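Chains A, B and C, in that order, are what the protein sequence lines are. The number in the numbering used here is simply the position in the first sequence, starting from 1, with 25 added. The number in the numbering used here is simply the position in the second sequence, starting from 1, with 25 added. The number in the numbering used here is simply the position in the third sequence, starting from 1, with 25 added.
Misleading hints may appear alongside valid ones.
[To be verified] Listed below are the simulated DSBU-like cross-link pairs for lysine-lysine, each with C-alpha atoms no more than 30 Å apart in a straight line:
1) A/Lys283 <-> A/Lys255
2) C/Lys255 <-> C/Lys290
3) A/Lys283 <-> C/Lys272
4) A/Lys290 <-> A/Lys272
5) B/Lys255 <-> A/Lys272
6) A/Lys255 <-> B/Lys283
7) C/Lys186 <-> C/Lys283
8) C/Lys111 <-> A/Lys283
9) C/Lys186 <-> B/Lys255
10) A/Lys110 <-> A/Lys186
11) C/Lys290 <-> C/Lys272
12) C/Lys283 <-> B/Lys272
13) C/Lys283 <-> B/Lys255
[Unchecked claim] According to the in silico footprint, chain C covers these stretches of chain A (three or more CB under 8 Å from chain C):
14) 44–50
15) 85–99
These aren't lab readings, by the way, just hints derived from the structure by calculation. Since this is a predicted model, take the numbers as computed values, not measurements. Quick reminder that beta carbons are idealized off the backbone N, C-alpha and C, glycines included.
Next come the chains, spelled out residue by residue.
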Amino acid sequence: MPIITLLTDFGYRDEYVGLMKGVILSINPTVTLVDITHAIDSQDILQAAYAIHSAYRYFPAGSVHLIVVDPGVGTGRSLLALEMKKQFFVAPDNGVLTLLFGEHDETRLVRLSNADYFWETVSRTFHGRDIIAPVGAHLSQGTDLYQLGDAISPAEAVRLKDIEPQRADTGEITGTIVSVDHFGNLISNIHHQMLTQIEQFTADNRVIIRIGSHVIPGICRTYADVPPNKALGLIGSRGYLEIAVNKGNAARRLNVGKGDTVQVKI
Amino acid sequence: MPIITLLTDFGYRDEYVGLMKGVILSINPTVTLVDITHAIDSQDILQAAYAIHSAYRYFPAGSVHLIVVDPGVGTGRSLLALEMKKQFFVAPDNGVLTLLFGEHDETRLVRLSNADYFWETVSRTFHGRDIIAPVGAHLSQGTDLYQLGDAISPAEAVRLKDIEPQRADTGEITGTIVSVDHFGNLISNIHHQMLTQIEQFTADNRVIIRIGSHVIPGICRTYADVPPNKALGLIGSRGYLEIAVNKGNAARRLNVGKGDTVQVKI
Amino acid sequence: MPIITLLTDFGYRDEYVGLMKGVILSINPTVTLVDITHAIDSQDILQAAYAIHSAYRYFPAGSVHLIVVDPGVGTGRSLLALEMKKQFFVAPDNGVLTLLFGEHDETRLVRLSNADYFWETVSRTFHGRDIIAPVGAHLSQGTDLYQLGDAISPAEAVRLKDIEPQRADTGEITGTIVSVDHFGNLISNIHHQMLTQIEQFTADNRVIIRIGSHVIPGICRTYADVPPNKALGLIGSRGYLEIAVNKGNAARRLNVGKGDTVQVKI
């Protein structure tokens, strides 16, 4: 029962995700399909990059992850297949795999070119269905990655720039909100490892988080560490700094959104 | 092919449900996963209680139902696993299982404590992924409920209060709208068995339903029993009194919503 | 691993789709379930007709497709099961199968009447759960179509009228927008085969598309054939003429929606 996951910006209105699943099952009827999400904001490659990076580690070895956030479909952009830590990723070469390239030294990467593994006809507007889905299905059946196209080094792939938080000489960290979740929690790109030193000061409330016009003292352990409707910072389930409001919606309450800056200092 | 269902208030934006599925499949790759819904209103335990109560009876024996509506995550609240009518339920001890406790005399119930069945690390903010999902996966593999923690009696679990409709001495029934569905149908907590006596009077239109500022005569058999855009009462597919508008949206048309009162009298 | 797909207007709020899946798995636990979409606009039979027509061809032989867009539930309308090109379709007799009847000469069609294949109780408001789901599950197990009810000819089934574009003597084609997708692309009912002759003139920009108050020259090959934020016409992934805006939302930008007219002339 190999697993194929799907992560797209297709939303839930249309038949597009269903078509990808039909193509996959036409090739490999034994696969187990899992939707990671289809609600990535339209064409938001950065948001998708963090989502797949957070998700893949919860899947077993051999899983195949298809990522279709593809504003460049029909242009000259190519498609990639990556093997890393015994998992597989198929996606456009637009930077959506950036965070995965750094995960492990031993990766295998190809630029897709072998049409034997594509759908019988390839449209100009839906490579998710016509290339990514069938390639993923073949990978789930054990096709070797190097059958799919020419090997390249990760250095040759497109990478998102400036996605890491900045640390000033003063120790202050400046990050970005990369995602606002269903509950209105503001998820930053500041990984908890950057905060290890700072976190020791929590008890003294010497850590200060600035976001929008708000100043939030300290990093809490869970939502209920502050009274209802109060803002807090905590390490969210992704492992990144998250700004939340206990039993409330931080995005609405703080009037902060995706792309906004968050600063942490001691 | 054991079945695991998921019922949450996570919405569809994020990777959270996908992570739970990854955890489940990492433990039991043969499971069939079914989403009941992930659109329970944020932290609405009552709505979730009615949804799982309506849903479980359509699943075969051996099914495992995971319910994650968990405003108390990270506090001292515990988690439960329930076995009832050969089905299994894993959920926070916050009242979401209230309606199930009354379904059958022979139930088995434990408070989860055996970390052997949890994920390798347990976060403070996402017990759905770290405890409920792995415990459910182990149950689907045949792990005995009593391996998971200490047995308790249902009387020791948290229960929602005042969730049953009230019947006055005059026979009038006062209930509540517990859910507004996608079509705008207003679903009450008045079970059809409470209306058995009343329903006999339908033909004479001697039953009166009051909701908001509206008075609706009689209980119909289906939507088309009234002209388009007219309001009606009927026993919905859940088995509860439902207020609808034929080919229309009752919530919008009657300006009534969740939590509002509905009265039925002869 | 037979496949059953679901296409409904139930949305994602409620447990309704989950109940259908529970019923299916109670009858055939080995089935693979695929959601085509549950976001068909409420009771929009035409939109659903195009969606299933676009989707079915990507599924393998033996797949069973359940379509529940059913404004007439509880009235005298009947339910149908169709076998066509080795695939199966179960739906209300309300025209939602119209486009499939024309796909192939050799079809088998029955009006459902054999309650042996229905759920044990049949409600008056949810035939998707009580009839369509169990009938689909039985078909996926190999039950012969003619066991389900009396054979009828497609001519006896309800058909949607006026769903084909009109071609004037001048060669001008007048079609309709039948769906607006998640990205705001405007999907028409003008099939690319109607445009074969016209498309040859593309290079000279002698084709003119009129939609709303807008005039769009030519038919492009992909979104990026025009600059960002410019409107274009192209043959979309469904095989129909689609009006899009490169890296933008055509519905919002052109202020055009479902049901609006689109004209193509040389």
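Item to check | Violations among the numbered hints, reported as their numbers in ascending order | outcome: 5 and 8
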